Amino acid sequence: MYHFIQNIEIISQIDSSNMVIFYRKLENCIIISIMKIFSGIAAMFTVFSSFVFSTIVIHYLNGDLKDAMFLFLLVLLVNLKKASLLAQFALSGCSQTEVINNISKGMSLLGPSFSLDSIVCSLVISVGMLSGVQRLETLCMFTCMSFIVNYVVIMSFYPACLSLVLDLLRGGDENGMPFWGDRSQITAICNDHKTDPITQRVKVIMSVGVMIVHAQSRWALSGMETETDNMLGMQVTKFAVFNETEENTHRSVHSSIVHLMATGADHIVILILLLSMIVWFWFFGDRDDLAHTLAQVNKQSVNTSGNSVHVLETQKNIQHRESQTDNRKPSAYTSNKMVQTENVNSSIVLEDNNVEIRTLDECLDIYKTQKSAEQLNDEEVLMLVKSNHIKPYMLEKCVNNPERGVGLRRKIIAAESNLTEALIQLPYIGYDYSKVLGTNCENVIGYVAVPVGVAGPLLVDDVFYQVPMATTEGCLVASTNRGCRALTLCGGVITRVVDDGMTRGPVVRFSSVTTASEAKMWMDNPEKFKIIKSAFDSTSRFARLTKLLVRIAGRHLFIRFTASTGDAMGMNMLSKGTEKSLKVIGGYFPDMEVLSLSGNFCSDKKPAAVNWIEGRGKYVVSEAIVPSKVVTEVLKTTVAALVDVNISKNLMGSAIAGSIGGNNAHAANVVTAVYIATGQDPAQNVASSNCMTLMEAFGDDLYVSCTMPSVEIGTVGGGTSLPGQSACLEMLGVRGANSQTPGANAKRLARILCATVLAGELSLMSALTAGHLVKSHMIHNRSAPSIQNLETESCESTRQIKHCVS
Numbered sequence: 022m023y024h025f026i027q028n029i030e031i032i033s034q035i036d037s038s039n040m041v042i043f044y045r046k047l048e049n050c051i052i053i054s055i056m057k058i059f060s061g062i063a064a065m066f067t068v069f070s071s072f073v074f075s076t077i078v079i080h081y082l083n084g085d086l087k088d089a090m091f092l093f094l095l096v097l098l099v100n101l102k103k104a105s106l107l108a109q110f111a112l113s114g115c116s117q118t119e120v121i122n123n124i125s126k127g128m129s130l131l132g133p134s135f136s137l138d139s140i141v142c143s144l145v146i147s148v149g150m151l152s153g154v155q156r157l158e159t160l161c162m163f164t165c166m167s168f169i170v171n172y173v174v175i176m177s178f179y180p181a182c183l184s185l186v187l188d189l190l191r192g193g194d195e196n197g198m199p200f201w202g203d204r205s206q207i208t209a210i211c212n213d214h215k216t217d218p219i220t221q222r223v224k225v226i227m228s229v230g231v232m233i234v235h236a237q238s239r240w241a242l243s244g245m246e247t248e249t250d251n252m253l254g255m256q257v258t259k260f261a262v263f264n265e266t267e268e269n270t271h272r273s274v275h276s277s278i279v280h281l282m283a284t285g286a287d288h289i290v291i292l293i294l295l296l297s298m299i300v301w302f303w304f305f306g307d308r309d310d311l312a313h314t315l316a317q318v319n320k321q322s323v324n325t326s327g328n329s330v331h332v333l334e335t336q337k338n339i340q341h342r343e344s345q346t347d348n349r350k351p352s353a354y355t356s357n358k359m360v361q362t363e364n365v366n367s368s369i370v371l372e373d374n375n376v377e378i379r380t381l382d383e384c385l386d387i388y389k390t391q392k393s394a395e396q397l398n399d400e401e402v403l404m405l406v407k408s409n410h411i412k413p414y415m416l417e418k419c420v421n422n423p424e425r426g427v428g429l430r431r432k433i434i435a436a437e438s439n440l441t442e443a444l445i446q447l448p449y450i451g452y453d454y455s456k457v458l459g460t461n462c463e464n465v466i467g468y469v470a471v472p473v474g475v476a477g478p479l480l481v482d483d484v485f486y487q488v489p490m491a492t493t494e495g496c497l498v499a500s501t502n503r504g505c506r507a508l509t510l511c512g513g514v515i516t517r518v519v520d521d522g523m524t525r526g527p528v529v530r531f532s533s534v535t536t537a538s539e540a541k542m543w544m545d546n547p548e549k550f551k552i553i554k555s556a557f558d559s560t561s562r563f564a565r566l567t568k569l570l571v572r573i574a575g576r577h578l579f580i581r582f583t584a585s586t587g588d589a590m591g592m593n594m595l596s597k598g599t600e601k602s603l604k605v606i607g608g609y610f611p612d613m614e615v616l617s618l619s620g621n622f623c624s625d626k627k628p629a630a631v632n633w634i635e636g637r638g639k640y641v642v643s644e645a646i647v648p649s650k651v652v653t654e655v656l657k658t659t660v661a662a663l664v665d666v667n668i669s670k671n672l673m674g675s676a677i678a679g680s681i682g683g684n685n686a687h688a689a690n691v692v693t694a695v696y697i698a699t700g701q702d703p704a705q706n707v708a709s710s711n712c713m714t715l716m717e718a719f720g721d722d723l724y725v726s727c728t729m730p731s732v733e734i735g736t737v738g739g740g741t742s743l744p745g746q747s748a749c750l751e752m753l754g755v756r757g758a759n760s761q762t763p764g765a766n767a768k769r770l771a772r773i774l775c776a777t778v779l780a781g782e783l784s785l786m787s788a789l790t791a792g793h794l795v796k797s798h799m800i801h802n803r804s805a806p807s808i809q810n811l812e813t814e815s816c817e818s819t820r821q822i823k824h825c826v827s
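Numbering-wise, our numbering comes out as the position in the sequence shown, counting from 1, plus 21.
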């Protein structure tokens, strides 16, 4: 008892990293035991099934089953090794789908070698059919037939039964993860069952030699057909007498079959084996051997594992962190399986001691010679990173594999910053990083999956749209969808783009106010504007300068360039054109000093009255007339109440708040959701959300409009080329550039956005008017069971509502 308590105390002192390793090893031992037991069962099943099927065949051919020697040979000749190996290969899958795929992959890998072995054994044993000894010929013939039956069983019946049994014995979680799943066993299978190409070639040569012996023997007997016929007739008679235990009613049929087999059994066997060899060389001759293929699979699995962390580095960092934070209370951590990277259970992979790590000089020589680290393993690449020969931000380029580069960077971050647990929750596998690198993001370590909902159908300018919205705010898509329904029932939304021009506003400085004012008047001159426009337009096929807005502040000039940019949002075009134009202006004013290409007069990603007044990007307006019946039945309110609340909230309330461009209920909600879904710059929702929502009575109906003067949007460039975002643009029919009318797709997307904002405004204002805001958020935006009966409650006090919201 004392020793037991002492052991418990010792175990309790193991740190977290050692516990992970301990449980990992324990899990591996259990899995290996399960695989060995199941492999034995699979082998015995193969013996039994082959015995049953072979017995059926022999019985059908009136063979004698009394000879124990034949049964003993049958058991020995069954290839248990291949059946056991296929079972182990299937058990290495980490999901039921992967188990099935592994069975098919194992058959494709084991099939060629098993076929060759069956051919060799059958040819060698069939030599006994040429001996002239009656008993030996009979046994050899049935043994060859048993080989054929065994081959058919293992290649067809056995894999099907194996898949069925593993499906029935699945003991994993609700996502279908089997309890035996472990990819690390592939390495053991690979090392224990290596196929020697030289041995295979020897078997092929031996098979050809035995076939030549058969052919030569047949040719030698070709001149003795009469004698052979007599001997075969006597053999048939003796064989029939030998099997007199059968019923007389079937004697004639069986005698015919035996006669056929006796006269041509060896020919049939040789023909079958010859065809098998042809099929083997035709379909499998160019394949790699099993060991090489399994090694490649295992190598790729290790290289692309998003959660692989080297134990030594992790252990050192965890010990270092624990030594500094022993007294800190651990924070609660919730695991969400929906966002975990594939193969989370193998987040810590034990390094294979058999893998030899080359020295730094050798790795550096390979890297410099090949100008790539593609041939180096992960440990060697990380060694070059630590020695500053490879920059961490260049990993994707150095290994010539974006996904592998991201995985290596995750290892570095996890080891240096103790972020192993956090990175497990951040997925990265299965993303096309080639479209991200050099365009959208640097130092990539994964991606964040944002839910995408759809609002619609929304009728905009006589065209129906399903609008994608990427958001994590409950109620937003549902509310916008209700607005879309109301607007579609009333005949849709009418939209117009009244102006189009992206801006860039540099700041320049002159030697004096006099020179600055002269430069301003020079730029305001229409003739001089043509000079500036010519320089600006020469920098792009699509960017066209439309106007300049110049403001003076002392000896500083703020110049706001406005230009159309086709289907692109256009900030890069404006920057390039502005830089060229400033050089031309500097030629006329040598004392002009360019302080910054952006002087906040653009104004980009900041609240600014200039965008609200002058506009930036697309200037869009939308309107709709909603019948009073739709307002009452769909929106659950009245026209008069909506108009009253809109004046009090969006006009008076925004004025009291001193808002610039904020005369709306929640335009930024819809704008940001559509921007994220379609690959726009989310930060530009600051100016793009400038919106004024107006409502007024139109007879008995409701007239509603949205005015958005600064929608910064595009359909090419930036995040619009990413797969998911491109798909959302395709949903709206605006993906890429419009080849016939440059800029048409971007304007169309801006009109769809403005109409969607109108739908969101109409629905939210109706909810506020009817007092449904809190109730809808309690239903769609919270998971509190205590508010299920909120609909039956009448009127609550302000204190109760605040308590419920909090």
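Mixed in with the good hints there might be a few duds.
[As the list claims (entries may be wrong)] Estimated spans, in silico, between C-beta atoms of each pair:
{"no.": "1", "residue 1": "Asp453", "residue 2": "Glu494", "range": "20 to 30 angstroms"}
{"no.": "2", "residue 1": "Ile668", "residue 2": "Lys627", "range": "45 to 55 angstroms"}
{"no.": "3", "residue 1": "Asp453", "residue 2": "Val145", "range": "52 to 62 angstroms"}
{"no.": "4", "residue 1": "Lys418", "residue 2": "Gly607", "range": "35 to 45 angstroms"}
{"no.": "5", "residue 1": "Pro413", "residue 2": "Ile677", "range": "43 to 53 angstroms"}
Simulated from the structure, these hints should not be mistaken for laboratory data. Here the structure is a predicted model, which means the values were calculated and not measured. The beta carbon of each residue, even a glycine, is placed where N, CA and C say it ideally should be.
Hints, one by one, checked against the model:
The beta-carbon spacing between aspartate 453 and glutamate 494, approximately 28 angstroms, falls within the hinted interval of 20 to 30 angstroms. For the hinted restraint 45 to 55 angstroms between isoleucine 668 and lysine 627, the CB-CB distance of approximately 29 angstroms leaves it violated. In this structure the supplied range 52 to 62 angstroms holds for aspartate 453 paired with valine 145, their Cβ-Cβ distance being about 53 angstroms. Range check, lysine 418 to glycine 607: Cβ separation about 38 angstroms, and the 35 to 45 angstroms hint holds.
Take proline 413 and isoleucine 677: their Cβ atoms lie about 51 angstroms apart, and the range 43 to 53 angstroms holds.
Of the hints listed earlier, the one the structure fails to meet is number 2.
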